[in-house]
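Protein chains in written order, with the numbering used here: chain A, 2 to 336; chain B, 3 to 305; chain C, 460 to 779.
One or more of the hints may lead you astray.
Claimed, not checked - Derived DSBU-like pairs (lysine-lysine); straight-line CA-CA distance at most 30 Å:
1. K142/A / K130/A
2. K588/C / K82/A
3. K130/A / K82/A
4. K142/A / K187/A
5. K130/A / K695/C
6. K695/C / K588/C
7. K695/C / K142/A
8. K187/A / K233/A
9. K130/A / K588/C
10. K142/A / K233/A
11. K28/B / K695/C
12. K187/A / K82/A
13. K695/C / K82/A
Hints were generated in silico from the structure; no laboratory data involved.
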Amino acid sequence: MMSVLQVDGLHTYFDTENGIVRAVEGVDFSIEPGEIVGLVGESGSGKSVTASSIMNLVERPGRIAEGTVRYDGQDVFDLSKSELQDLRGGEISMVFQDPMNAFNPTQTVGRQLHDVLRTHRNGAVHPVKRILGLDHDEDCKEAVVEMLDAVGIPNPEARYSDYPHEFSGGMIQRAMVGMALLCDPKLVLADEPTTGLDVSIERQILELFNDLVEELNTAVLWITHDLSVVAKLCDRVVVMYAGKVMEVGPTDVVLSDPANPYTEALLDSIPRYDRPDEEIRVIEGDVPDPLNRPDGCRFADRCPKVHERCHDAHPPQYELGDREVACYLAEEGTK
Amino acid sequence: MSEQERSYTNVKWRVYRRVRSDTIAKIGAVVVIISLLLAVFSIVDDFLLNGLIIETLLHDPYQLNPDNRLAPPSLSHPFGTDEQGRDILARVIYGTRTSIVVGVGSVLFAAIVGVSLGIITAYYGGLVDDVGMRAMDVLLAFPAILLAIALLASLGRGFTSIILALGIAYIPSFARVTRSKALSVKSDEYVTAAEVIGYPTRDVLIDEILPNCFTPIIVQATFTLAVAIIAEAGLSFLGLGIEPPTPTWGIMLAGAQQYITSAWWYSLFPGLAIMLTVLGYNLLGDSIRDALDPQTGDGERRL
Amino acid sequence: MIRLVRYLFGRLLWAVPVLLGASVVTFMIMQLTPGDPARFILGQRASEGAVMELRRELGLHQPIYAQYVEFVVDAAQGDFGQSLQTREDVMGMLLQRLPYTAQLSLAGLLIAVVVSFPVGVIGAVQEGKFADHVSRVGALLGISTPNFWLGLLLILVFAVPSEGFPIFGMTLVTEDPIDGITSTLLPAIALGTAQAALLTRLLRGGMLDELQEGYVRTARAYGIDERETTYVYALKNAVLPTITVIGLQLGALLGGAVIVEQVFGIPGIGRMAIQAIFNKDFPVIQGITMLVAVAFVAVNLLVDVLCAQLDPRIILGGEK
């Protein structure tokens, strides 16, 4: 079966006054239909830029320097403007962190969902027509109300005409999820969608996602810095550090038996309720300066298992069972 | 160096770098510096040297010359002469000081009163805030220029009156800008710390809050200066501002109005002087704002 | 609806102390005059009897609080007394002159809005390109040009060579629409240019800010047409805050009208104010000042209500 998404050698750079920031430096992974993949990393690891790159949404001063992103076998960077518009929201959609900010404060939530669906069903309209409300499509509205209902917003008919600020944090994120699923996409990119929500609402959103995705057989790339969410939700996990993929593999294997010292360090740095006596170990040192990253392994300066070779070049991906690991230790098989 | 001292020098450094690196800012700074130099020159030359320098270089700006009325621009009179035969270039140069003195004076007055009001209302809040801000609302109920005109009606003409009249009219803008900044600074940790340590309130206001409000105040002052220069010219044009024979751009334009059909140079050059000077301050204001505003610090977007 | 009424009521409650304060300021205009205002008005050579006469007429023999109360009570009924110069009723004079100033100010506002909206929006959309540079330079020149000098230049360039534009006086559109428009055009341009420039800068900045907002990113990520995002979503949000500014600009326009009326010889309240100041005609000055304050406060009240109606982010009756 063909992967929904195949990312190969992706490099995304930002040209700044102080030099080139290599936000993403060679990222490879794939997503199969219906699969939930976690993309994990600290802030600044390049995970959000990876997501924008997949939809070719990177704006100046950023640029895709190298690599391909294949959606259903088709290279996203080769698409024409109109094909890209069909892809965005129609085939791949995105759930943003801070949904309150992702909605327009002066348009009703229902209307914004309506505009997405109308665009993908009937196409764009002239701004004047839109201002006068002549683009209104009753079928679209009905579908939106149904979707609001499906994502668990009570009284969806009335909520359709409410403004974003009239929604609670949890409800607005449900609406965002509804927007993402509105056009039956094959892939949803969820960029830290539960950051900032309190724990009980986070769990509701996770469950909602799990159920809907299973029902619709939608693949998901779930971007997060929270390994506990990955453990609960994801089939596979991609661990990123400083623009590079450190380890890819099935969630249970990676989290229970990490092959890359970085993954290990990341796991050690989160408190475990099942092992309350264990010391939380903070990763020593700082994330490397994105303008001035080391030539060798990006993690070498902070790695407890560093050896001489690590400073020469960043390790390639070594296959280790059903996972891939970017660490020289994996090659030696000594771990 | 203390934390806020460092942030203050940092502010100065950012503005300096910005002005050095940006051509537009440089033009603004050059115009502003020229205007200040001309103002100082005309004061020194007029009051200390009795017009010696300008007479040697050009002509006496006060010297009537009935034989040479409304002469068009020539080598001897590059900007032409007015209805009394006086050299317009010399008078435009001497006129700089009126604009600068009134502009700087009224902005200083407005800033001192407005900033104090803004900091005090923000710090004390409650009734003080209500009364102070309501008083600002009252001043804002009048268009600034009309308020100045009304005040001039009772204050009479002259430098002090016009500085006072414009100064009062510009108080609310400084008070509001300072207040909103002070409100956010007030809750910062170092202010709370100073209060907890038991610093006298006056020291907290002057040493802790005031330096951190400088950024918006400087921006406001630069733009208000530009507005004040136009306002002074307007009031003098109406005959409510400075009294003749003191050369001012506004009075020159008032004189030029009568001869609009016969002597274009008379109305052109004093107006150009106003426009260029004001443009300089606006350019500088834009650059300072862009340099100090972290949101737009990366480019000249908001110009 | 109930919320709107309550909001309106709250705003009216705010206006009352502001207008009372404005009346104090207006009242003080005469009190601030150094020495005896009656002597000031009549001059040094006037006889003691004449000064006493005027003092009585102006109510200056009463204690100051009684003078103020009388002033406010009369002003609230639209009575500002008689002109010292012409003995005419001040309110009557104001009503006769007001249409000219209103026509000039509104025309100036119209020009400001009609010019600034497209220029500001195009500047933002074309950021960094030629059109943007032109609009930025134009706006900078606009805010740096004094309206009376621009008026003189317009007379020099347009009115003097052609007969089409009168250089003196103004016809009301209600009397003669064609003459009304031609006689208003040049002064309105002189008056409106600075405001147009200010609005352009504001709109450009507002649009640029809006185009950075999260919802624009969302719309892009969902394949919504860029024109729809820019001209429907972002434009609306950028325009809403400028409505308040347009209300405030009406004040600046009224102030500017005082000067522009002088340039073009328009018989509005501005010209009347200048004459009154030269004649030390305090009742007229007070009448004008108060009238403008009332108009200004009323307009801003209306604008606030309008904004609250249009902008769902403003919750009526609460904090913005």
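Right, here's what the structure says about each hint:
no., hint, in the structure
1, K142/A / K130/A, "holds, 17 Å"
2, K588/C / K82/A, "holds, 22 Å"
3, K130/A / K82/A, "holds, 22 Å"
4, K142/A / K187/A, "holds, 22 Å"
5, K130/A / K695/C, "holds, 14 Å"
6, K695/C / K588/C, "holds, 23 Å"
7, K695/C / K142/A, "holds, 22 Å"
8, K187/A / K233/A, "holds, 21 Å"
9, K130/A / K588/C, "holds, 28 Å"
10, K142/A / K233/A, "violated, 34 Å"
11, K28/B / K695/C, "violated, 36 Å"
12, K187/A / K82/A, "holds, 20 Å"
13, K695/C / K82/A, "holds, 26 Å"
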